[in-house]
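Novice: Residue-level listing of the chains:
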Amino acid sequence: MIKERLFLAAALTVASTFAAWAQTVQGTITDAASGESIIGATVKYGDGKGVTTDIDGHFSIDVKSLPVKLNISFTGYKSQTVNVYDDEEDINVKLTEKRSYLDDVVVVGYGTQSRTQLTGSVATVKAEVFENSTAATLDGALSGQVAGLNVTASSGQPGADSNIRIRGGNSVNASNEPLYVVDGFIYFKDANGSGTGLGAIESSLNPLATINPSDIESIEVLKDVSATAIYGSRGANGVILITTKKGKLGEKKANISYGYNLGFSNVTKKLDLMNASEWAQLQKTYFGNKGGYTNDEIATLGKGTDWQDEVLRTALQQQHELSINGGTEKSRYAFSANYTDQDGIVLNSGFQRYNFHINTEWELQKNIKFGVNTTYGRSKQTGLTTTEEQVFNSSPFSAGITNSFVYALLTPPVVPVYKTDGSYNFTNPYEYAYFAIGEHAVNAVYDLKESVAENVNNYLLSNLWATYKLNDFTLKAAVGLNSEKLTQNYFSGANTSLGLATQGIGGTGNRQTDTWQQEYTLTYNKDINDNHHVDALAGYTKQNTTSTYSSIRTNHFTNETLKQYNLGDGANIYVPQTGIVESTLNSIIARVNYTLLDRYNATATFRADHSSRFSKNHRWGYFPSLGLSWNVDKESFLAGARNLDYLKVRLTGGVVGNQEISDYAFTTSYSTGSYAGSSSYSKQNAVNDDLKWETTASYNFGADLGLYGGRLNFVLDLYYKKTSDLLLDVPMGFAAGVTSQIQNVGNVENKGIEFAVNGTLLKRRHLNWTASANIAHNKNKITDMGTTDNVIQGFDSQQILRKGEALGSFYGLQFAGIVQQGEDVSKLPTINGATPKAGDIKYIDANNDNKIDGNDRQILGSIQPKLTYGFSTQLQYREFDASLTFAGSYGAKLYNALGRRLELTGDSYNVLSTVNNSWTPEQGGNSLPLASNTRPFSYIDSRYVQSASYLKLRNLTIGYRPRLPKTFPVGIRIYATATNLFTLTPYKGYDPEVSSGTDSGAYPSARTFTFGVTFSL
Amino acid sequence: MNIKTFFTTIAVAVALTAGAATAQNDGVITVKVNKTNKTLVEKWIEGYKAVNPNVQITLVSGKNVDADLTLVNSHQEGVNVTYVGRYALLPVTSTSNPLLDDIQKKEWKSKDIKNLFFTAEDLDEEYEEEVEGKRNKLKDKLTVYSGSSKASLSGIFASHFGRTIDDLRGNRIAGDDLYLLSAIEEDKASVTFNALSNLYDLSSRTLRSDLALLPLNVKASQREALRSGNLDETLELIENEDIDLIPVEDIGFTYNSFDADIDQFLQWIIRDGQQYNHAAGFLHLTNKEVESQLRLLAQNN
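Here the protein sequences come in this chain order: B and R. Numbering of the first sequence is given in the working numbering, commencing with residue 2 and proceeding in unit increments. Numbering of the second sequence is given in the working numbering, commencing with residue 159 and proceeding in unit increments.
It is worth saying that the hints were derived from the structure and are not from the lab. Because the structure is a prediction, the values reported are computed rather than measured. By construction, the Cβ of each residue, glycine as well, lies at the ideal position given by its N, Cα and C atoms. Fair warning: there could be bad hints in the mix.
Restraint-style ranges between C-beta atoms, simulated for each label pair [claimed, not checked]: (1) B/LYS270 <-> R/GLN234: 42 to 50 Å; (2) R/ARG453 <-> B/TYR377: 49 to 57 Å; (3) R/ASN238 <-> B/VAL1014: 32 to 40 Å; (4) B/VAL535 <-> R/ASN238: 54 to 62 Å.
Reference listing, derived: stretches of chain R covered by chain B, where coverage requires no fewer than 3 residues with Cβ under 8 Å from a Cβ of chain B [unchecked claim]: (5) 213 to 221; (6) 324 to 333; (7) 390 to 401.
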């Protein structure tokens, strides 16, 4: 009985407690734009503590009575107050993101961070940039988007790579490419991984071709040391973090879209070559008239064969894109499939790719998440064969005949492509130097059409991860594999330039590269008293790479039908090339972010790397950094500042490294070959027990300013970087047994300033116009070269490494004009012991010794631009949208080796029509000497080190989304895009963008027009 | 009573309650309706029972309650709806609003209403220049109240002016739109909008004494009808004339299942029940709508 009474009393107490909280208000908080649930939003009323939304964005709060005023808030969103009058329906509150730039969440190495808490210099490129671009690879769309990030295409070959430099180049022989991290997987183009040992293929596949730009959600460019130090030995050249699209939980079960575009390309610029009449006249006047033309015949020759036109074409391209994404409360998925087929503007060249990508995520239990990101695909690049490997007849490559395209430009216009019966013409009486045997000569059109130069890459990039959340701690484990199989195919038949001497040559090679990555991290994230925020990370990562390769070549074919698929037909077999390289990197990482009062931020980062690429005593490298930032706008003295949205200053410093040299560079190695019918070994590398990291100490001061509610944003950065212990290929003496060796020698410094601005110019209901611009200046200088100063580089000795000068400096004679008739030559410096005469070339006598020789060579500029800049704008008006992107560079120089070759007169090859302005006694002239088939020096001169400044309209897109009835199930967008619509440049070659700095006949760039449609369900 | 008995009792009670809630009683039509529309539906049920005394129709409410018929206040995609009436929305403030004089001095055009109720940055540029000064000051001082529930008419109001519910300025309430009028009573310097059924006293047929309509920029004769404060004149005006500034939308019933009882009830509302619409502050269906809705019901059979 007593028990029953006690129980009733307790029940009454509980009941009265519940009665005090009379009602329960329930609801869901979602993102107004995406419709996704917001997890962790705070819902409270009065002075109560409040509740937070769960993983579904759902909340339930007990209130004493209705009505009640609920306050809903979440970081990065505008707070909202909702007066609740009844509970007949669940409350559905949509929060709108704050538009402040500083409220963005930024992906940083091994995590994310609010921009307001960031101390480093991090630029974000959003998905719209890639959606508006029809570029097949992301580097094509990145150009001009980020201050201090300079993209230079290696050539116009479809699928070719680009040089990307973040704040200039740091290194000479180690890589200057930034590190790429794709959804957490570190992805680097291995210095060893570019070929199979086959040679003869001019272009290499862009390593970024494995990423479909349409899959990208955002790209973060980490520029300063506070941001990159977490990547330690691989952060010196900056880091590009690529985040792919994830499935979204929205109103629809699945978002499905399919896009197709079709386009055509043609060359942006043609070189003005001599026509048949002009060339025949040149031959008759200066070179013995091998063709025996009379003046009447010359007059009737007219244009003759335009070999440039014959090898260039209007190329078609098409792209299919399917994307499906969606999610439930417990899982998300994003799938895409892409097929790209792009013909090149040079005959028989192009790029094809198919690519599948899937990004999935499951919430297995309340605190456990699991995800898989996988990309699989195949890229195929068909390009030009190069003569680089051909060493017969004093090397056509060193004579400027670098590939079949260049050979077409050089073929005399009096030589036809086809014979009268329609078959190929293999007769060219003017060719006797390189590509003719007897009366049988090479035909460049046949050469391009029938030769094979293919790179085929089958790739898989897969990363599995799982997280376990325990209170403020999150454990993460990730394991990933990047497996790539590169196949190179090469064939040049007996009638082609490369196969002529050997009655055909062909080969095939494979390289299998597998990179495994393990990553284990523990993060701690805690807000303490609303005044302190701590975000700490500790972890261990390991990456090991194994690369095996093999290639075989044969020559002297009796049947070319199956080309490289019947190498057994080749009578002679070259020494097979096989090999294996392995490397391992073990790393310990740690980072602490601390924010006080939402105003003062500090980031301390440390990474220790153990790399197999260095000698045993120097394998550990330690890379610390410290970053500080101050949100000045949060201070009381700026509380009244009208129109100030945010103001932040940043200061960072630290050390990062570079390990991107070939494996085993620290030890002795030998290469195999064949000698007198037996195998032979030759020393390839000499031991260097002191080989260690190249380190870059870096300092950055930056400021971020936002005005007018985020409608106008500025970012300013000043930096200084000093790279020490340069990994330099140092020439060695005979005693070493090798010609050169990688050593840690010298220093390079980069200092610069970057400025970026973006703004919303107009925002109306039916009109939205935004624009952004950036400009960067970088000064690069070698400050120390040890004892190896003045290292001359390049096949024309055109570049030099010299203390006090920039990396990539050009070195040659300074052109001073042409000696004119009647000019006093007595005071002119002698050339090769002779006094110049009228029509001869003049050079500056730099050392004033009254004679011109190699000692008069000077620095003629460098490949380093003084300024890089970009401008882009997007406009949306009702159903129409338009975007425009300009990119530019100022102050860089480019060696126009092709131009130099095409102004060298002789009796074999065609020349530029500028040769018509060569000096003659009758017409004078002050740019080219009297026509002659010899040069006074092999050194280059300043005429061919030309300005590579340019302004390009990279992309112009106009789109239209027809307004359809609501009941119509499909959304449609049609668009037209023009790429490289125009280029303003003083450069005299095809295109000023040649990443190597030497234009020896690079594949010309194309102007592309694309028309497309996207359907979305 | 021991503990075992106590829990057994609770379990039995819960089971009985649940059973009662889910049981389907033949011949009973359940109708789910919110507060704004409740009076109208009650009048229909009363009228229908007068001619069909044996039928049982019950009103239900609550977030997790299913009903045979649910009243919706907008056009619905992908579900069967029988439209049974129309309503109109008018912008309104409290007579206690300290800015009432400023509000009533103006004749509110479409652009003025957009400027007041929606986010300003989306206005046409020329209009921003036009409204500089006094009008913007008025906007800054007034808080807009709108609804956030699924049944709220805020979405209808926003879409009438070419906007979305997310573009509405100011504060949101949760609960029936009727409570928007409570909100502007509490926060005097505020405006909202509401259905005529909530704005007018259905007994006296006049505008509620604590409310003042925003004067609309309409024809003089139309202005007079609105100014009169008389519900019937207002209903007649909106039914007979197309006024751009006044959003008008259909209400209708969605149904879980369709049977003869429901068919007869809906047919009766469309044919005979329209006579009760004005009494509850709602507009009649147009003749075209009557025909089309009856035709659709016939197709359901």
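Novice: Could you run down the list of hints and mark each one as holding or not?
Specialist: Evaluation of the provided hints:
Distance hint for B/LYS270 and R/GLN234: a CB-CB separation of about 60 Å, inconsistent with the stated range 42 to 50 Å. For R/ARG453 paired with B/TYR377, a C-beta distance near 55 Å keeps the hint of 49 to 57 Å intact. For R/ASN238 paired with B/VAL1014, a C-beta distance near 35 Å keeps the hint of 32 to 40 Å intact. The supplied range of 54 to 62 Å is met by B/VAL535 and R/ASN238, whose beta-carbon atoms lie about 56 Å from each other.
For a cut-off of 8 Å, the count of residues in the stretch 213 to 221 of chain R with a CB near a CB of chain B stands at 3, and the three-residue condition holds. With 6 residues carrying a beta carbon less than 8 Å from a beta carbon of chain B, the stretch 324 to 333 of chain R meets the three-residue requirement, and the given coverage holds. Check on the stretch 390 to 401 of chain R: 0 of its residues sit with their Cβ under 8 Å from a Cβ of chain B, so the three-residue criterion for coverage is violated.
The structure fails to meet hints 1, 7 from the earlier list, while all remaining hints are met.
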